[in-house]
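Residue numbers (our numbering), protein chains in the order written: chain A, 58 to 461; chain B, 705 to 1027.
Simulated from the structure, these hints should not be mistaken for laboratory data.
Positions of the beta carbon are idealized from the N, C-alpha and C atoms, including for glycine.
Fair warning: there could be bad hints in the mix.
[Stated by the list, open to error] Away from chain B, derived, C-beta distances all over 12 Å, residues of chain A: (1) Ser143; (2) Arg152; (3) Glu156; (4) Thr171; (5) His176; (6) Pro203; (7) Asp240; (8) Lys243; (9) Val269; (10) Thr270; (11) Ile332; (12) Asp355; (13) Gln391; (14) Asn427; (15) Ser459.
[As the list claims (entries may be wrong)] Here are the simulated lysine-lysine pairs, BS3-like style, with alpha carbons at most 25 Å apart: (16) B:Lys983 - A:Lys121; (17) A:Lys120 - B:Lys856; (18) A:Lys153 - B:Lys848; (19) B:Lys848 - A:Lys132.
[What the hints assert, rightly or not] Residues from chain A shown here face chain B by an in silico Cβ test under 8 Å; the list is partial: (20) Val136; (21) Pro145; (22) Lys153; (23) Gln157; (24) Ser173; (25) Ala174; (26) Lys177; (27) Asn238; (28) Met263; (29) Glu264; (30) Ser266; (31) Asp271; (32) Gly285; (33) Tyr368; (34) Ala370.
Spelled out, the chains give:
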Amino acid sequence: MTRRSILALVLAAPLALAGLAAPVAAETVGVTATEIKIGNTNPYSGPASAYGTIGKALAAYFKKVNDEGGINGRKINFVTLDDGYSPPKTVEMVRKLVEQEQVAFVYQTLGTPTNSAIHKYLNQSKVPHLFVATGATKWGDPEHFPWTMGWQPTYQTEGHIYAQYVLKNVPNPKIGILYQNDDYGKDYVKGIKDGLGDAAKKVIVMEQSYEVTDPTIDSQIVNLKNSGANVFYNVTIPKFAVQAIKKAHDIGWKPLHLLNNVSASVDVVLKPAGIEASRDLITALYLKDPTDPQWKNDQGMKDWLAFMQKYYAEGNTKDVFNVYAYTVAQGLAQVLKQCGSDLSRENIMKQAANLKNLALPLLLPGIKVNTGPTDFYPLEQEQLAKFDGERWVLFGEIYDASKK
Amino acid sequence: MTGAGLRRAIVPAAIAAACLLPFLLSNFRLFQFTQVFIYAIALLGLNILTGFNGQISLGHGAFYALGAYTTAIMIDRWSVPYGWTIPVAGFLCLVVGFLFGIPALRLEGLYLALATFALALAIPQILKYFEHWTGGSQGIVLSKPDAPFGLKLNPDQWLYFVTLGVLLVLFVLAANLLSRRTGRAIVAIRDNPIAAQAMGVNNALYKSLTFGVSAAYTGVAGALSALAIAFVAPDAFNVFLSITFLVGIVIGGLASISGAIFGALFIQFVPNWAQDISKAAPWAIYGIFLILFMYAMPRGIAGSLRLVLGRLARASGGTRRAA
């Protein structure tokens, strides 16, 4: 054998192997008779590391599933990597998951910019990009991105709900808005504006924004009060929500206070802000808040607490992110159950788009997961609630964004 | 064999190996090496400024972002062919870097570090502010360029070769720049600015120019990164990126051209290894790696290699003489 032919052989061998492997792989990558491999990225480090608990709780839940025998006889191998909330790192890690780890699909990748960075890649590679952890609106677009699906109600949906409530219940409303200056804050603002329709220009009297790095938002609250607003649309993350509720109370501003779901935790936000200051706040909910006493004897909540103690003891049982993770993991378990023995990527997508009236234990009573071939928004229902000084009291009908 | 002789043998071998990689490695690994080359270009830029000229910058992530967004906006808004966007990004950063260098002249050492740090802090917010151009925090999605002229290369392989080509050109330019009169002036300013001035070096002009060239290198790297990642967003260019660059040049070797490659390998792969070792505390492991490297190789990887090569050369020269 000449040197050249050896070289040719060496170069050709991997190509030939790849060629052989390809047709088999196209059907059920990441799936064996006993295992299904799932890829995930989460910010375990960096500015958004508070969300890291979601990845840990997901891993804990899949351990529980495996201890109970897996799904259709297959164990779940959940591979979760740190992307530090940095889009380039997400691209690298997701490519690693898809090309090197050969996962069956990518699931619950967290963050809007990070998911935007892999959106096109996963759709071009025809790898399911399931139940992404972001409230942006663009994830439910099966026509252009048939491999990507969201999960939670979008921020815009929630904005719609508040708009409807204000239009119906507040005579002569004047809305003052405080929002975080990024995609999350702007989506909420767009939601309420769309919901208000033509009235928006007249009704919204002031918009104030803050940067997530700002130390305080006191001056914004004072400005909003001085604008004469009688409705306060508070689009802030917990740290700033506490400040906003406190400051509004301290300066004697008593508007109808709409607090975004992001900061609706009783223990994390309302109690630190002060019970008196928090009374009569209104929010929209879809999950049961683990710090809300009304769920103390709820079977779903009891099961969740037992799960947390056994599988994720270091996790915070007051953190609603852990409720979120538990619920979205149950959503995936249902998809895999429905897949039966056909775990091809096509069928995984097909079953994810075939969830019908799925009730999960930690969703509010009456709220159900629904998807279809043209409906890639699994959760579209929320209910308004008012804080009575101790707990969130649900009121009114369940709002359904899909019935509009 | 002398040290220079060894280097003359190693460099072509390394280039040949780099050209073979695309046919041996998976696309994912190629993508990682493309990122190494991109980081290497950025690190060389920072090293020209910090290592050779002695000006500390904690804000080179801002120039990286400027380069990336120049490319992204030109492709996304005006459909400019990507090849043209790279020199434009470099030129724009050259001008901005030069202009930033003029007021920065009044600042020495740590004060300059703080001023540039402010730049790094500000850039994500500035990018969000010009939402109309930058797409705000949603960023801009791009497509990976396909190989031209019907070359049978996939986009990953093609981008790898483009990046390698840009890297080689920029490294040769830097080597030429730094080994001649200009380079000696740049180093002289670092070692003793007053003596340099007395020798007739225009310190102000040289320092601003060095800042500009350094920014241009980093900007080109940013432009290539926009193509490789096919996405830009403000969150990709936080303060941490600038600090990572500084880590890269110190670990790689200050005032060394090859050090940029070693530094790039470090900042690309060591965080991943750290995560493989411990999911619970990857940054603690990374910190241990950093300390170990600094302890074992206080002059960076390139500095230590130079020592070893020098000793080898002397040893072999010695035996020859003895024989």
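Right, here's what the structure says about each hint:
1. Ser143: 6 Å, violated
2. Arg152: For A:Arg152, whose nearest Cβ neighbour in chain B is about 5 Å away, the distance does not exceed 12 Å, so it is violated.
3. Glu156: 4 Å, violated
4. Thr171: With a cut-off of 12 Å, A:Thr171 comes too close to chain B, as the shortest Cβ separation is near 8 Å.
5. His176: 7 Å, violated
6. Pro203: At roughly 17 Å from the nearest Cβ of chain B, A:Pro203 sits farther out than 12 Å, so the non-interface label holds.
7. Asp240: 4 Å, violated
8. Lys243: 7 Å, violated
9. Val269: Incorrect as stated: the minimum Cβ-Cβ distance to chain B is 10 Å, not above 12 Å.
10. Thr270: 8 Å, violated
11. Ile332: It holds; A:Ile332 is separated from chain B by about 35 Å at its closest Cβ, greater than 12 Å.
12. Asp355: At about 32 Å from chain B, A:Asp355 clears the 12 Å cut-off, so the statement holds.
13. Gln391: Fine: 27 Å to the nearest Cβ keeps A:Gln391 off the interface.
14. Asn427: 27 Å, holds
15. Ser459: Nearest chain B Cβ is 24 Å from A:Ser459, so the label holds.
16. B:Lys983 - A:Lys121: 20 Å, holds
17. A:Lys120 - B:Lys856: At roughly 45 Å apart (the allowed maximum being 25 Å), B:Lys856 and A:Lys120 break the hint.
18. A:Lys153 - B:Lys848: 18 Å, holds
19. B:Lys848 - A:Lys132: 36 Å, violated
20. Val136: 11 Å, violated
21. Pro145: 5 Å, holds
22. Lys153: 6 Å, holds
23. Gln157: Holds. Min distance 5 Å.
24. Ser173: 6 Å, holds
25. Ala174: 4 Å, holds
26. Lys177: At about 6 Å, which falls below the 8 Å cut-off, the nearest Cβ of chain B leaves the hint on A:Lys177 intact, so it holds.
27. Asn238: It holds, given that the least Cβ distance between A:Asn238 and chain B is near 7 Å, below 8 Å.
28. Met263: Because about 20 Å separates A:Met263 from the closest Cβ in chain B, which is outside the 8 Å limit, the hint is violated.
29. Glu264: 15 Å, violated
30. Ser266: 10 Å, violated
31. Asp271: 11 Å, violated
32. Gly285: This hint is violated: A:Gly285 lies away from chain B, its Cβ roughly 28 Å from the closest one there, beyond 8 Å.
33. Tyr368: 16 Å, violated
34. Ala370: Cβ of A:Ala370 sits 14 Å from chain B, so the hint is violated.
This entry does not satisfy hints 1, 2, 3, 4, 5, 7, 8, 9, 10, 17, 19, 20, 28, 29, 30, 31, 32, 33, 34, going by the numbered hints stated previously.
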